[in-house]
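Colleague: In case you want the letters, here they are:
Number of protein chains: 4
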Amino acid sequence: MISFESDYIAGAHPKILERLAETNMESLVGYGDDKYCQMAEEKIKKVCNRSDAKVHFLIGGTQTNQVVISSMLADYEGVIAATSGHISVHEGGAIEFTGHKVLALEGTDGKLNASVIDDFVTTFHNDGNHEHMVFPGMVYISHPTEYGTLYSKKELTDISSVCRKHNIPLFMDGARLGYGLASRHTDVTLPDIAELCDVFYIGGTKVGALCGEAVVFTRGNTPKHFITKMKQRGALLAKGRLLGIQFDTLFADNLYMEISRHAIDMAEKLKSLLKEKGYRFYLESPTNQQFIILENAQMAELGKHVCMSFWEKYDDSHTVVRFATSWSTTEEDLWELKKWL
Amino acid sequence: MISFESDYIAGAHPKILERLAETNMESLVGYGDDKYCQMAEEKIKKVCNRSDAKVHFLIGGTQTNQVVISSMLADYEGVIAATSGHISVHEGGAIEFTGHKVLALEGTDGKLNASVIDDFVTTFHNDGNHEHMVFPGMVYISHPTEYGTLYSKKELTDISSVCRKHNIPLFMDGARLGYGLASRHTDVTLPDIAELCDVFYIGGTKVGALCGEAVVFTRGNTPKHFITKMKQRGALLAKGRLLGIQFDTLFADNLYMEISRHAIDMAEKLKSLLKEKGYRFYLESPTNQQFIILENAQMAELGKHVCMSFWEKYDDSHTVVRFATSWSTTEEDLWELKKWL
Amino acid sequence: MISFESDYIAGAHPKILERLAETNMESLVGYGDDKYCQMAEEKIKKVCNRSDAKVHFLIGGTQTNQVVISSMLADYEGVIAATSGHISVHEGGAIEFTGHKVLALEGTDGKLNASVIDDFVTTFHNDGNHEHMVFPGMVYISHPTEYGTLYSKKELTDISSVCRKHNIPLFMDGARLGYGLASRHTDVTLPDIAELCDVFYIGGTKVGALCGEAVVFTRGNTPKHFITKMKQRGALLAKGRLLGIQFDTLFADNLYMEISRHAIDMAEKLKSLLKEKGYRFYLESPTNQQFIILENAQMAELGKHVCMSFWEKYDDSHTVVRFATSWSTTEEDLWELKKWL
Amino acid sequence: MISFESDYIAGAHPKILERLAETNMESLVGYGDDKYCQMAEEKIKKVCNRSDAKVHFLIGGTQTNQVVISSMLADYEGVIAATSGHISVHEGGAIEFTGHKVLALEGTDGKLNASVIDDFVTTFHNDGNHEHMVFPGMVYISHPTEYGTLYSKKELTDISSVCRKHNIPLFMDGARLGYGLASRHTDVTLPDIAELCDVFYIGGTKVGALCGEAVVFTRGNTPKHFITKMKQRGALLAKGRLLGIQFDTLFADNLYMEISRHAIDMAEKLKSLLKEKGYRFYLESPTNQQFIILENAQMAELGKHVCMSFWEKYDDSHTVVRFATSWSTTEEDLWELKKWL
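So the sequence lines, in the order shown, correspond to chains A, B, C and D. Residue numbering for the first sequence follows the working numbering, starting at 14 and increasing by one per position. Residue numbering for the second sequence follows the working numbering, starting at 14 and increasing by one per position. Residue numbering for the third sequence follows the working numbering, starting at 14 and increasing by one per position. Residue numbering for the fourth sequence follows the working numbering, starting at 14 and increasing by one per position.
Among the hints, erroneous ones may be present.
Note: identical chains are not told apart, hence a pair may lie in one copy or across any two.
For lysine-lysine, the following DSS-like pairs were computed, each having C-alpha atoms within a straight-line distance of at most 25 angstroms [what the hints assert, rightly or not]:
(1) LYS237 to LYS178
(2) LYS351 to LYS284
(3) LYS284 to LYS178
Just so you know, the hints here were simulated from the structure itself, not pulled from any lab data. A quick note: this is a predicted structure, and the numbers were derived from the prediction, not measured.
Just need the whole structure built from these sequences, with the hints factored in.
Modeller: In structure tokens, the structure reads:
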């Protein structure tokens, strides 16, 4: 059955598998100190245009959010996120597990607004009781968001300014960063992100890797003894090569951007197809995730032939579903889908 | 300066101090195993009409919320509370510190609604992704709430039914319970609470004690090794007598209810006074906390003569302030206040 | 029955109860901001001879250890303690509950040795794998120790030097500090302790108070937002006056030292009595706790008339028991004991 | 340079890479619900001879220890381990990070002794103060141990009996399990382990996989909502296929045992080589890790040509070093090593 269920339904880009095979019998040191991790780091620093950056490789998105956030917050601090943010709802309380509150603010289509953040932090500091409250210690945004939407450069710059004004780091969850960078409707580049964020990650799992996220501390601000913090959180991979080789491959010959663009091309075609057939969009998404409102019976019927993702109840008779394209989506997938629409 | 700042501005009811003095040189065992703790427990069980209850004494409200909630939740569970709930905003993230999320739902005047809870829990279990989410594992309500409001017996019964339907314990924060029970506008009794809640506490700190909260596990449901859990959380008092003697005094000769009623009488007079003078109430509170909307200049002027509590910004030119009466409020306090209104 | 079970079998020194009664109806602000907390802090700073110190009041010993240690350690750090240290064995894992390891080193009669600490920390840093290990981030000592023993000024100075060499704070658990300072066999003064330690506390619970420990951060090194950290750990007392008034009383007119000396006088008489009767001492203790080895049948018999404390199994037929004197021990208690020895 | 530094210096067994390539473009669901995870689980249950077992796949050893231990312990419980156990020293405090104490007992050559465990647990329950102590809630052993040693079937049966007598689960860290099972000096089989342990894991990272450990809950005792617990700890891999395919390959055609035996054959040859040359063994290890005592100058010289692992200081002039073979060690490696010995 044809699947648009998520952007992690396939294995890895074939070049990654080739590279793993080629390097397989080399003796390498563990825990991320191997040459491939170093090569990958150099490539990423270059493409980010930040010579003072430091890159660490982690395995998955929830783990990365948990490790980065809990490593950077003081214990009396929490992290600001949109109520729809991945850390707010879909990580099983991974942030709270480390002792920190997620300070959830209402967003719009998955995005936080700079002035809402500013008001929240300002009000906090003006509250006579703020010593009895959780201090806002970081801002978490996802780009693309969980709804596939993107921040404009202006919006991102505004959020960054609010964070710097209040001396709070800005952290971007880039689990799908490639699809954001490759969108036809963005003015945000990787160097922009590296300039405006204090820390962010470049998602591998959803953009062609078997697993892996590259965390970029953008300005010499890696938490002290970060390796030990990773170890303590069960997040330090013994064969760090697995991550280094994958990212070294993704950031050679522009591969990361190419496969991201392919996913976007497929998404644009998917959108056209859905629009032609009169489907109702839940919101306008410029990236690889498309959200459609289906009548429940229609969803059941379509679900017999196509895998898609239940997103949320819309009303008693309608449901929001998600179609995701990825680096692995093919024209054949779209033709097949067309049959059942 | 006259003070209505909170209900913990004075020491303890004089009878408590007398009792502490009388028993002072008795040799007693520590950690809550002394006879006064036992006597207090028996009195509380009787007034609650629950022979299968178990009572433990803790020191303060935030501590009690933290110990009880973290002792009863499984690690994958969080606690449902109103967004205005004390644990949601004013305990410095004490619940998250123990690894658990506060699942904040919108309330009305500080109160949660049974059907809102039911919808939330039902939706959670129907969500295909709920394994990636924090399980609702307890419902926390405060009675009186942080806004001085009270649940009716009907409302409390409905919440209790929803909890039992979903097999989730109901926990009542009774930091100001006396003032709730003594209100002229309540149909909820202590046996009702003991019947409808799985665990609750009877506040001492704000109702005549130097410190102390009596936690009642209502139906033989004390968490296993609760003493060790208290110890592990730094909450086991060496001289448990300090708590036992206070609660034994408060629950002898109806003292707890008498002093609570006194506070309510004072609050009713305060309300009349404020109404006479044309003050604007933020909401209708049937207990000892009264919330008034003041013009900012007016607040500054009144603040020169009367201690009250900043509550929250109302709009750019107005502020919500709180006046609290307590067991220690006197007619003289009210006369003095009247001068400055 | 006569009791030497612990140093917290009685209530509070009568002057404390008087003082609580005198101040009872004063309106005071909460959370430690009242004038009595300030007065107590000033007295303590003076007697410590440290104008740059900051004093905070907590409720009990385990809580104080938990709050101080977890507030000062980075998350990748643990605390060095003797294997017999209170935090190592008798606090229900309160340190681990906050995420930190107790790095237990063998001591002698309850005391850590400077060179053992030095070796441990030096070896740690020389270990190629130390990034995979818990960093030693603090040294915890108790004075008197759990065995009633005391550090000499030389020993304390040596430990302090090792800590400063490695840039690790030294924390002294002074739950029984008065009995250490008042010992006839010590050359360590309170200013010495304030000079040599980075943080320590002056025990109230075991030295005349109903509850309370005064934490002294000796050199402007209070952890940032310590009030919020206390709140977050359920350790911020609403009626801070209860602690302030007690310590203000204990540190007026030399009361703390006087009652401590009384306990030491009683302990010296107890020792003589036990020696006269030929009892076997487990070790030589210069403070208020005395450890005796009893044949098990003898322990059972004596236990019918005298409360003492089981300490540990000595061998299959003998047990170590503890007799503790305190500020509340009387000559009459000793005469009564003598009857049964 | 030739390397015997660890058993994770190479990538994966070639058959694993082939299998990843073959299945690469299949659309599979995430989070361990794919068919390969199911196939691997079935194969593992079969080889363990436990139809009531449940298998979950995690990524690495420290993570597995952390997730399993913290998921099975009550909050007042700690885990018993040897002082040399991996969780005691080399996981950056990952167990304490989750709030639990490691109760370290002295072992012999890395192994715990049944009667030492029995004494500890029995003494704990007989201690009058045990409510103030951490409850022993699990026993952790590693097999092979960190020193390469193995439990005999008798030793393992004794430990299992002690655990069952005290109703405490037995957990075996099998990061190198293959090398234990394939040793020429063991009478312990995989069905024995599955019978005697409550939970254990079959190491992949060190035995031919890129990453991955297969946790076996042996008797229908998987912790409730274990998937959510994994997610909450950042340990749920999105592309679960990566783990399923690897273990399905390792447990097809006896591959896991074959490659383990190869490593053991290489280790036996290595031992002969070292013995021939007169090297001094630190202890007798029947598995793939061999510990040699080298004079420091000798270590420096050999280190120019051969990668080995610093283990621990032996005395001022000697060091213990480790040589590890693995599935990837070749005869050529041994010949090359021979040159430099």
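Colleague: Work down the list of hints and note, for each, if the structure agrees.
Modeller: Outcome of the hint check:
Proximity of LYS237 to LYS178 under the C-alpha cut-off of 25 angstroms is found in both arrangements, the shortest distances being 24 angstroms within a copy and 20 angstroms between copies. In this homomeric assembly, LYS351 and LYS284 come within 25 angstroms of each other (Cα to Cα) only inside a single copy, at 11 angstroms, whereas the closest approach across copies is 65 angstroms. In the homo-oligomer, the alpha carbons of LYS284 and LYS178 never lie at most 25 angstroms apart, since the shortest distance is 40 angstroms inside one protomer and 43 angstroms across protomers.
Hint 3 alone, counting from the list given before, is not met by this structure.
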